[in-house]
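Student: One letter stands for each residue in the lines below.
2 protein chains.
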Amino acid sequence: MTSQELQRGTAVEIVTIGDELLLGFTVDSNAAHLARALASLGMHVVRRATVGDTATAIQRAVAEALERSGAVITTGGLGPTSDDLTKQSIAELFGRRMELDEEHFRWMEERWLKRFNRPLPAANKQQAMMPVGATKLQNNHGSAPGVWLEDERGRWVAMLPGVPREMRGMLADSLLPRLASRVATGTVVRSRTLRTTGISESLLADKIGSMDGGPLGVELAYLPSITGVDLRLTVRDAPERDAMGTIARAASRLRDRAGQWIYGEDDADLAAVVLEMCRSRGLTIGVAESCTGGLLGARLTAIPGSSDAVLGGVIAYHNDVKRETLGVSDATLAAHGAVSDEVVREMAAGARRVTGANVGLAITGIAGPSGGTPEKPVGTVWLAVDIDGEVTTQLHHLWGDRAEIRERAAQYTLDQLRVRLLANQSAPAVRGASVSVAR
Amino acid sequence: MTSQELQRGTAVEIVTIGDELLLGFTVDSNAAHLARALASLGMHVVRRATVGDTATAIQRAVAEALERSGAVITTGGLGPTSDDLTKQSIAELFGRRMELDEEHFRWMEERWLKRFNRPLPAANKQQAMMPVGATKLQNNHGSAPGVWLEDERGRWVAMLPGVPREMRGMLADSLLPRLASRVATGTVVRSRTLRTTGISESLLADKIGSMDGGPLGVELAYLPSITGVDLRLTVRDAPERDAMGTIARAASRLRDRAGQWIYGEDDADLAAVVLEMCRSRGLTIGVAESCTGGLLGARLTAIPGSSDAVLGGVIAYHNDVKRETLGVSDATLAAHGAVSDEVVREMAAGARRVTGANVGLAITGIAGPSGGTPEKPVGTVWLAVDIDGEVTTQLHHLWGDRAEIRERAAQYTLDQLRVRLLANQSAPAVRGASVSVAR
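Heads up: the sequence lines are chains H and C, in that order.
Our numbering runs 246 ahead of the 1-based position in the first sequence.
Our numbering runs 246 ahead of the 1-based position in the second sequence.
Since the hints were derived computationally from the structure, they do not count as laboratory data.
Straight-line distance between alpha carbons at most 20 Å, and here's what the computed EDC-like set of lysine to aspartate or glutamate pairs gives:
(1) C/LYS360 - H/ASP452
(2) H/LYS453 - C/GLU355
(3) H/LYS360 - C/ASP452
(4) C/LYS360 - H/GLU621
(5) H/LYS622 - H/GLU588
(6) H/LYS453 - C/ASP329
(7) C/LYS382 - C/GLU355
(8) H/LYS453 - H/GLU511
(9) C/LYS453 - H/ASP329
(10) C/LYS382 - C/ASP347
(11) C/LYS371 - H/ASP452
(12) H/LYS622 - H/GLU653
(13) H/LYS360 - H/GLU348
(14) C/LYS371 - C/GLU355
(15) C/LYS453 - H/GLU355
(16) H/LYS360 - C/GLU621
(17) H/LYS371 - C/ASP452
Modelling step: build the complete structure from the supplied sequences, incorporating the hints.
Tutor: Next up, the structure:
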């Protein structure tokens, strides 16, 4: 971090606490959420550490981070069980003893009675203990309050719960407003992400070539995941207005070079993008899924308000369901097999007929690990998009394990629909008859 | 960490590298996987840190970790783009320069031509650069090799890729065998996890009460997640045989106290548990999903070999699909509404009829954020299990956001089936007519 950041109070460190994190039994999603929320205030996470549930480890990591940055957010260790040591350990570090917050304790007792019709379990009492002189951070999603502890030099530790929903609620309700009023910053960190799918990181890098950072030094990062590569543009330590202008210009250059592959920005979910396109065109969707077994339907219906456009569908895992519910013909199955251009077309038509939707989406393939043959190895997947009877199909040879193949199959089906709707006309019958996706 | 761990070479630190991690654009799943794999060798992750894509930050974190523990594993920053700085930065720290690995470069060129029928993009060349004196760690899942770098004092850094599939492959193929041959340890860290669902952390803690750690000091941790609470037992620094015996005795005590809530151990997926129970009883499954929109089907079919038992199902998002495909009657829908005991029963029966399965699973509810009413608020979910015409239903009032409500609905449906199959008889028509799940 820069000494400038320290002076302005925009540098912060995160310490996530829990044996379950250190031993790898839980994946830490809190740190990522925190970092994004802090960036919106112009605050910058300069280091992150994870330690186990021992007082010494917690104290050492928090002390080091306080020494470096003067500002620390911890998550975890506020629960009702004996391995929850965060409050006591950090109170010791600040030379404070613990006392019972009577008001909070009564609130917990009442809440428990009302919710569960039973007295508060004894184990929960420690959740109402607070370091002397600390400020309580309200928890509207659980029973453990958060803690704000500050020393005479203005160095602070904010302790948040480890349960993601509680952490997120407390952050939004209590901590962010508190931090916003402290941070005196004229500059911000701003970033914008353009999301692509169906193209490898290397090919994308070749298409985009070098980017001139400009006077504000916009950074471009390639972030590959199972379903695509995100392009993230970041400007640091710039006045808000300049940052936004610089990023907008860089984003427009990226769109010039890779526009067809970009389906959305920032958190955009391809399912939400496609749903919005259908909604605005008055189109409804039905699905027919074999190897994905419901995953495409689950992705579409994960979007709030999806019932505007999604009518339903058929999970046609067994061939009998393909035949009897979707109306795939015996002859087609016998002649071409379940994983074929012919069958996926009949499945998409069946999805439309069963649900009465304009758009039928169908997936049939071999997700593995078994079931592959020399002609149709694991990863062979046929996808179809039927819009009012006009059908396009794609054959993909997907890499990865069962979960990755299924995720990609759902993603590429959505992208096929996106490209069709963009073109507003039927695409060639087979776009990229054999598409392999690297990384 | 203890000085004993240092002497035996069992302490290791993890440094994960990437702006995308620090800024929160990616959730770090690699650290968790690494920790679990290392524990199997008796190695113990004592600290974890995350730093951004700058040479200084990488060097500082790796130097500190080397100083403390002498053993560091990094992930990330081995890709083909300009923000991939891991190898160069750590080579500098070790005072080594970079040189081209000709053999690897030729292999990359050939592989690219064969896979993509195009010459290797220029950007990829840096993936074949290696620090002088380093050992290459084979990557069987991508083009970036890993790096093993060791100094004259025996302190080492292993650099693995950030892409999870590549990291996992390289760890298993190259790094773990190398570490196994170095670690001279008579003792191990062993743990075992018992998984519960449908009971809150506090209630579980009350049922289990205090556990005597015994002479080896077995630790018990409560790990809550969206779909349940895991109970993890851990013994550290014990001879293998003693550790396993101690854990087995502790696990059996937990089963005595909370057996009915425990559906499996360690990585067990409730969907896999239920599938195995169906398989062994010769039962087949069909699903009917409204608010989960395919999620239950997706969970079941995520399990390799699920086609033995899962036939398919219907995503009945719109009421027309409930009526026309599942055969839910107009009268029932009109009298009770789509989220009701009566409708979920007819859906489960419909799932059996459509797929021809013995077991019909059905879910209908209000996942939110909109759609709730005073009588049926968001989170109201009806679940049904129909086994050969014998139907049980459950009403749940679920907390959380849309995603959490959907995940819990799928999980509790699977658990309802598990409990039914265990009892090997029909459960009371409504088990826990109104079950709320805390945390």
